[in-house]
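**Q** Here is how the chains run, residue by residue.
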Amino acid sequence: MTQIAPRRRESLTDAARRLLTEKPDGTYDVRIPYENRTVTVTSGSNAWIIAKAAAAKMRIAAE
Amino acid sequence: MDQADLPGWLEIMRAVGLAFGPFLVFGSAVIAAVIAWRAYRQRKEADERAEWWRRTQWAIDYAVDEEEEKAEIGVEALDLLGVSPLASAEDRELLETLFAQVAATRAARSYNGASTSDAEGPRPRWRFPWARRGE
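As you go down the protein sequences, you meet chains U and H in turn.
Read in order, the letters of the first sequence are residues 1 to 63 in UniProt numbering.
Read in order, the letters of the second sequence are residues 1 to 135 in UniProt numbering.
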């Protein structure tokens with residue numbers, strides 16, 4: 001008997017990673033697709049928060 | 001008064017009572033049980049929703065905190081709370097707005113005059129509607 005694996009939700013970190021780009025100068029570009037813009041942030045932790053919040057917003061809107 | 005002396009209509013009522021009495025008692029018990037079950041379910045759902053909202057408030061406080069670690073925990077927690085079956089469409093809309101505001105506020109905070117790729121510039125700091133100016 002085949003078992004259907006429960007559908008796992010992608011982690012917010014993985015979803016946020018797709019929006020985040022680390023640049024050679026040490027800054028981070030965060031894509032905000034619903035505002036059609038990219039934000040450049042100097043702090044890595046701040047960049048992650050922005051990316052996670054943007055990813056969470058898009059996920060909740062799509063669900 | 002003898003049973004034989006009962007009026008005709010009362011005699012009929014007595015016969016009906018004897019025939020259907022047990023069914024009526026059983027039916028009443030079933031209806032009472034259904035009503036009690038529904039009340040229990042409604043109460044349980046209301047309690048669960050209240051608990052969900054309490055956790056959400058905690059997570060919102062974290063998400064809008066200045067401290068980066070707290071803000072990240074808050075956003076992660078709200079992301080999970082948003083997929084709960086206890087969250088209504090209205091709640092999800094609220095969370096969606098909140099996520100957008102957290103991202104915008106953080107982006108504006110790290111804006112240094114030339115950091116955003118478009119010409120919009122910094123956005124005004126987001127506040128709760130009930131917060132006083134300067135908070």
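No wet-lab data here; the hints were simulated from the structure.
Any given hint might turn out to be false.
What the hints assert, rightly or not - Stretch-level coverage of chain U by chain H, calculated; a stretch enters the list once three of its residues show a Cβ under 8 angstroms from a Cβ in chain H:
(1) 17–25
(2) 39–45
(3) 57–63
Stated by the list, open to error - Among the chain H residues that face chain U by a calculated CB cut under 8 angstroms, a handful are:
(4) 65
(5) 68
(6) 73
(7) 77
(8) 78
(9) 92
(10) 103
(11) 110
All C-beta atoms, glycine included, are put in the ideal place defined by N, C-alpha and C.
**Q** Next, verify each hint and record whether it holds.
**A** Status of each hint after checking the structure:
1. 17–25: The restraint on the segment 17–25 of chain U is violated, since only 0 of its residues have a Cβ under 8 angstroms from chain H and three are required.
2. 39–45: holds (count 6)
3. 57–63: Check passed, 5 qualifying residues.
4. 65: violated, 10 angstroms
5. 68: Since chain U brings a Cβ to about 4 angstroms from residue 68 of chain H, closer than 8 angstroms, the hint holds.
6. 73: At 10 angstroms from the nearest chain U Cβ, residue 73 of chain H fails the 8 angstroms test, so the hint is violated.
7. 77: Violated - the Cβ of residue 77 of chain H stays beyond 8 angstroms from chain U, reaching only about 10 angstroms at its closest.
8. 78: It holds, given that the least Cβ distance between residue 78 of chain H and chain U is near 7 angstroms, below 8 angstroms.
9. 92: holds, 5 angstroms
10. 103: Check passed: Cβ of residue 103 of chain H comes within 4 angstroms of chain U, closer than 8 angstroms.
11. 110: holds, 4 angstroms
Checked against the numbered hints given earlier, this structure breaks hints 1, 4, 6, 7; the rest are met.
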